[in-house]
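Participant: Protein chains in written order, with numbering that gives the first Met the number 0: chain A, 0 to 324; chain B, 0 to 232.
It should be emphasised that the hints constitute simulated quantities derived from the structure, not laboratory data. Ideal Cβ positions, reconstructed from N, Cα and C, are used throughout, including at glycine. Careful: at least some of the hints might be erroneous.
Stated by the list, open to error - For the chain A half of the interface with chain B, some residues (derived, Cβ under 8 Å), not all of them:
no., residue
1, F182
2, D189
3, V193
Unchecked claim - Listed next, with one range per pair, are the computed distances between beta-carbon atoms:
no., chain 1, residue 1, chain 2, residue 2, range
4, A, P146, B, H104, 47 to 57 Å
5, B, G88, A, N141, 22 to 32 Å
6, B, T2, A, T314, 31 to 41 Å
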Amino acid sequence: MSSIEQRPRRRAPWVFAALAALLAFLPLVAGPYPQTIARSVLTYMMLAISWDMLIRSGQLSFGIAGFFGLGGYAAAIGATYLGVPPVLTLVFAAVVVGVVALLIGAVVLRLRGMYFAIVTLALAEIFRIVMHNWSSLTGGPNGMLLPRSAFDGNSVATYLMMLVLAAVVIGVSEWFRHSRIHFALTAIRDNETVAASAGVNIYAYLLTAFAITSGIQGAVGASYAQLFGFVTPESSFNVNYTLIPLAMTLLGGMYGTWGPVVGAVLLGVVGEYLKLFIPYGHLLVYGVIIVLVILFMPRGIVGLVRGHLERSRRTTTASEKGGAA
Amino acid sequence: MLTVENVDCGYGRLQVLRDLSMEVAGGAVGLFGPNGAGKTTLINAIMGINRVTAGSITFEGRGIHNRPTHEIVHGGIALVPQERELFPGMTVLENLRIGAEQVPHARDRGEETLETVFGYFPILRERTKQLAGTMSGGQQRMLAVGRALMALPRLLILDEPSLGLQPSIVHELFTILGEMKEHVAVLVTEQNVRESLRTVDRGYVLENGRIVLRGTADELANDPEVERSYLGL
Chain A
0 MSSIEQRPRR RAPWVFAALA ALLAFLPLVA GPYPQTIARS VLTYMMLAIS WDMLIRSGQL
60 SFGIAGFFGL GGYAAAIGAT YLGVPPVLTL VFAAVVVGVV ALLIGAVVLR LRGMYFAIVT
120 LALAEIFRIV MHNWSSLTGG PNGMLLPRSA FDGNSVATYL MMLVLAAVVI GVSEWFRHSR
180 IHFALTAIRD NETVAASAGV NIYAYLLTAF AITSGIQGAV GASYAQLFGF VTPESSFNVN
240 YTLIPLAMTL LGGMYGTWGP VVGAVLLGVV GEYLKLFIPY GHLLVYGVII VLVILFMPRG
300 IVGLVRGHLE RSRRTTTASE KGGAA
Chain B
0 MLTVENVDCG YGRLQVLRDL SMEVAGGAVG LFGPNGAGKT TLINAIMGIN RVTAGSITFE
60 GRGIHNRPTH EIVHGGIALV PQERELFPGM TVLENLRIGA EQVPHARDRG EETLETVFGY
120 FPILRERTKQ LAGTMSGGQQ RMLAVGRALM ALPRLLILDE PSLGLQPSIV HELFTILGEM
180 KEHVAVLVTE QNVRESLRTV DRGYVLENGR IVLRGTADEL ANDPEVERSY LGL
């Protein structure tokens with residue numbers, strides 16, 4: 000009764016894990032520029048995963064940049080005024096943003112669908128405006144400098160910090176996939192009446208998911224602040240932190256951990272490559288990719304591969320049974 | 000066990016149920032009536048899905064009207080809704096297990112209850128690994144009943160279980176419900192009055208949100224009005 004899904008053992012996960020380990024190791028030996036790209040890929044990857052964790056319940060959030068930016072400011076304020084050590088600002092920001100999301104979620108999670116999506120979009124803008132105007136605390140439009148950045152900005156060390164944070168986020172996402180939460184969220188997405196009839200406390204589950212995913216976005220925002228050493232209203236709440244993770248998840252495939260991971264690596268690296276040829280044009284390419292994926296590959300890359308694997312397995316089992324359906 | 004007293008219920012300004020009273024004391028109780036009579040509205044009121052604007056609903060002595068649905072399920076009432084009641088992309092076994100997963104008192108006794116469910120529906124044991132969405136309509140309905148039982152209810156509510164099923168399957172389903180009512184109280188809404196009268200002990204006839212007739216299964220079967228309107232004799 001431990002997990003909902005019990006699939007037969009396959010070799011694919013191990014191949015996948017080995018490949019992931021190799022990819023994670025590569026930037027360590029490849030030098031500072033690949034490490035910069037890898038840190039950016041990991042940043043977007045974590046945001047993409049956290050967004051996916053909430054969409055599994057059917058709740059579409061456009062508020063990633065809001066909680067991301069809030070996390071950055073929580074880190075800067077915590078470090079400046081409370082003396083929180085650099086690496087611990089990640090935890091500090093996760094808790095602060097998680098609590099803020101809990102309070103806001105208690106109200107806005109009564110909304111569904113388009114209404115919820117619009118409110119999250121508005122929230123991000125509200126956070127930005129507050130930070131922009133609360134000059135005495137946040138430095139206003141100029142933003143604020145962190146007194147000290149994590150590992151004094153050492154490239155290898157900060158890459159490892161991002162890697163550890165990403166591992167934690169992947170772990171939380173997989174825990175979501177393989178615990179009671181998974182069924183509850185899937186049921187809510189599918190049909191709320193049936194979910195409630197099966198005993199699911201819809202409000203409690205949505206609130207938990209919203210607080211945890213926002214907390215993750217807050218921690219990622221704090222790590223961004225540590226990497227760059229400053230926060231400003233324009234950069235920290237940039238709408239790209241909402242749109243790019245969304246595009247990555249759509250490309251990789253929704254409703255699972257590995258879709259966002261694959262999407263982030265592909266789009267992150269491709270985007271970086273494109274920047275060399277058409278500065279800012281990479282955003283245009285992202286847009287085109289989103290449209291193409293939605294039209295021709297609605298389940299994303301992971302969904303496509305999984306579909307192929309399942310089909311080939313089914314034909315094998317069918318032929319083993321002597322062709323009986 | 001379940002008592003509905005003087006309940007008003009509706010949607011916005013549309014009042015569907017008016018001063019409705021009924022009860023389930025045990026065994027199997029039928030709720031009959033044409034489309035739009037208010038059967039599903041009453042079920043949804045009991046389950047906390049629809050808001051009750053007047054009156055009270057008590058289950059085992061505790062008031063449950065306007066409580067959240069999951070609390071009512073945790074409290075011992077399970078519902079087999081009218082349609083879309085399964086998770087089609089999950090296997091039969093997964094569908095059954097999740098029925099117990101969200102209900103604290105049923106969670107630890109899942110394996111035990113699974114055997115009980117397989118006892119009622121042997122076909123489900125043979126198909127544990129099949130995806131729910133690929134089964135026939137009748138098998139899906141049985142799986143839905145099985146999943147509701149996994150929550151270990153003391154009262155099982157079925158909303159039109161015969162809907163869209165061929166007559167032989169309906170017959171089988173009501174025979175199984177007949178066995179089931181010895182262990183769990185059953186409340187079933189139906190348009191197929193003939194089949195359900197074999198199984199239920201008592202019944203209510205609902206029209207325009209009011210109970211117009213109540214009695215034992217025999218009394219209803221012999222009532223000239225029921226015969227004319229529902230049995231088509």
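Participant: Each of the hints needs a verdict: does it hold here or not?
Facilitator: Consistency of the hints with the structure:
1. F182: Hint holds; F182(A) Cβ to chain B Cβ min 5 Å, cut 8 Å.
2. D189: Because about 6 Å separates D189(A) from the closest Cβ in chain B, which is inside the 8 Å limit, the hint holds.
3. V193: Check passed: Cβ of V193(A) comes within 6 Å of chain B, closer than 8 Å.
4. P146(A) to H104(B): 47 to 57 Å: Cβ of P146(A) to Cβ of H104(B): about 54 Å, so the range 47 to 57 Å holds.
5. G88(B) to N141(A): 22 to 32 Å: violated, 51 Å
6. T2(B) to T314(A): 31 to 41 Å: 56 Å Cβ-Cβ, so the 31 to 41 Å window is violated.
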